[in-house]
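In order, the protein sequence lines correspond to chains B and C.
Numbered per my numbering, the first sequence spans residues 1 to 309.
Numbered per my numbering, the second sequence spans residues 1001 to 1309.
Simulated from the structure, these hints should not be mistaken for laboratory data.
Note that beta-carbon positions come from the ideal geometry of N, C-alpha and C, so glycine has one too.
Any given hint could be a false lead.
[Stated by the list, open to error] Capping the alpha-carbon separation at 20 Å, the derived lysine to aspartate or glutamate pairs in EDC-like fashion look like this: (1) C:Lys1078 with B:Glu150; (2) B:Lys78 with C:Glu1186; (3) C:Lys1257 with C:Glu1268; (4) B:Lys221 with B:Glu188; (5) C:Lys1257 with C:Glu1186; (6) C:Lys1058 with C:Asp1018.
[Claimed, not checked] Interface residues of chain C toward chain B, partial, derived using beta-carbon atoms under 10 Å: (7) Asp1021; (8) Met1105; (9) Ala1149; (10) Gln1151; (11) Leu1155; (12) Leu1158; (13) Ser1160; (14) Leu1168; (15) Ala1174; (16) Gly1248.
[Unchecked claim] Some chain B residues flagged as far from chain C (calculated, every beta-carbon gap over 10 Å): (17) Ala76; (18) Gly180; (19) Gln242; (20) Lys257.
There are 2 protein chains.
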Amino acid sequence: MRHNMTVTALDTNGTPEDRIDAARSRIDACLAGLVPSEAIWPRRLHQAQRHALLSPGKRFRPLLTLFLAQARGLDAAKTDAAMEIGCAVEMVHAASLILDDLPCMDDADLRRNQPTTHVAFGESTAILSATALLNRAFGIIARNAEVPAEQRAELCDLLSYSVGSTGLIAGQMADLDNTGNASVSEIERVNRLKTGALFDFAADAAAILTESSAPQRAALKDFSRQIGLAFQLLDDVKDVLQSPEISGKTSGRDAGKTTLVAKHGLSETKAMLKTYLDNAKTALTRADLTGTEDLSALIDRQFAFMRDL
Amino acid sequence: MRHNMTVTALDTNGTPEDRIDAARSRIDACLAGLVPSEAIWPRRLHQAQRHALLSPGKRFRPLLTLFLAQARGLDAAKTDAAMEIGCAVEMVHAASLILDDLPCMDDADLRRNQPTTHVAFGESTAILSATALLNRAFGIIARNAEVPAEQRAELCDLLSYSVGSTGLIAGQMADLDNTGNASVSEIERVNRLKTGALFDFAADAAAILTESSAPQRAALKDFSRQIGLAFQLLDDVKDVLQSPEISGKTSGRDAGKTTLVAKHGLSETKAMLKTYLDNAKTALTRADLTGTEDLSALIDRQFAFMRDL
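This is chain B alone, in the form it adopts within the complex:
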């Protein structure tokens, strides 16, 4: 089940854009190797997992994990480990999207320009494939031979923390409760949990893999906190403004929910988002990084939509 990949550091040639593209290709190859082939029984489970996980995505979470770790001086021998742990984050993210899209949650038909997993494979297979992706994420971390056991155990502990009652699942619960009366601070809490928790994990993973000091780790966490807030804001804006043809997913899912865009209007939302991104970049300056060029390019690419508004 393990992919065969020579241990090599990330590419350092070309422009930041080239390096992001190269890393994304490696991430896609790694993801494809980390879930069982469609030829392996139970085939339908694996088809559904691969449908959800391997559909074209920006891979922002694994890229963040990798580039944060690299900027903190990741040992080249641990590049594949950082890659796999970033991919584990992407698997948890894919699992959360499958569940969010279910008829009993957001009831969405379209995601990444494809039918959502329950539309393509039925509800029971969708639920089991989401469960399998979350479960596999823990296995990938726990089994990673390049990472000391103490770090693997800490990472599993932190992933559980990021997913459970203090993270993703709590955020989804609260989001389901949001029926139009949420306050700004309540919305921010949901955003932090639903999106921020996995960014926090990505930052923690980078800190752990590079054996960063407590202040360095705190700076990475400040960064991830701000990026998480910006990211969910961007998602809200896209949900309001983009047609499904452009976003590749069912839009208007937030109809009836209170969003920060609805509370503040588009112009103030843009200003908030700029503040979050500025704060994020400031946090990076305190993390003793070897360089921020690739991280900045990654963020610019991810948030290009806002720049064009």
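Once you have looked at the hints, place chain C on chain B.
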């Protein structure tokens, strides 16, 4: 979130029955301490998790983990660790029951004499609470300070293996596909995955916590394999013979599925079950145990239903 419990070995006074009851009470207290209180936000998520996890159950999986570990000479200082890891297995089991009962799977209304979790809390909360229980199980294992990191990582890896494409989830996928044409070997495969995988994990956990040798561990695995087969057979028989008033759960869920009872008839099924239990007891004799009295009593209690047929 952690329960306060003095580290003490399991009770060794009284009869095996007394010791099983005492251990079960400690397991119930431990379970109650391992999921967030209903007073903690998001309350509905925690209410649903506690509904599913803390409803009266036999706690066979944690009892098996504990008694196997104790019979293999578990260090008294690790009693709480074995208890928590057994409880993690129970949480995964509870999560699987929540999902099995969903309208898109077995569509069951009653479980342990209570409304199933989706009936009591709605589908979205049920799905998220199952996900949260699975997720928390990994966190409990990963964070257990009494267990060396190498063992915690191995246990997380094994749990992932027991739940995923080689265990519980694969078994549930295959069970959903069973529409009446399954062969005996196919049914046995489903039973092994759906029920046996977590028993295998319980045996492995006992072996790891007691630093058992490879032959001792293999003997424990042989035992768990046989117990798993017996257990699912018992479940099939109960589904056919028991009314919901007695079993406390929706019966006839297997209607339309092929079961071993349907293939073999009740009398041969009873003989098969006796063979599995005999094999299980034989395997125990190869595991270098300090005693098997409590384990035998536990198995006798669990399989009392068959004896009375």
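Holds or violated: is there a CB of chain B closer than 10 Å to the CB of C:Leu1155? holds, 8 Å
Hint C:Asp1021 vs chain B: min CB-CB distance below 10 Å? violated, 31 Å
B:Ala76 clear of chain C by more than 10 Å, beta carbon to beta carbon? With a cut-off of 10 Å, B:Ala76 remains clear of chain C, as the shortest Cβ separation is near 23 Å.
Have a go at the C:Leu1168 hint: is there a Cβ in chain B nearer than 10 Å to its own Cβ? holds, 9 Å
Does the alpha-carbon distance linking C:Lys1257 and C:Glu1268 stay inside the 20 Å limit? holds, 19 Å
Hint check: 10 Å Cβ-Cβ cutoff, C:Ala1149 to chain B: holds, 4 Å
If I take the minimum Cβ distance from B:Gln242 to any residue of chain C, is it greater than 10 Å? holds, 25 Å
Can the hint on C:Leu1158 be confirmed by a CB-to-CB distance to chain B that is less than 10 Å? holds, 8 Å
Over 10 Å to the closest beta carbon of chain C is the bar; see if B:Lys257 clears it. B:Lys257 clear of chain C: closest Cβ-Cβ about 14 Å, beyond 10 Å.
Mind checking the CB of C:Met1105 against every CB in chain B and telling me if the closest is under 10 Å? Holds, about 5 Å.
Is B:Lys221 within 20 Å of B:Glu188, Cα to Cα? holds, 17 Å
Restraint outcome when C:Gln1151 is required to lie within 10 Å of chain B by C-beta distance: holds, 8 Å
The structure shown violates the earlier hints numbered 2, 7 and 16.
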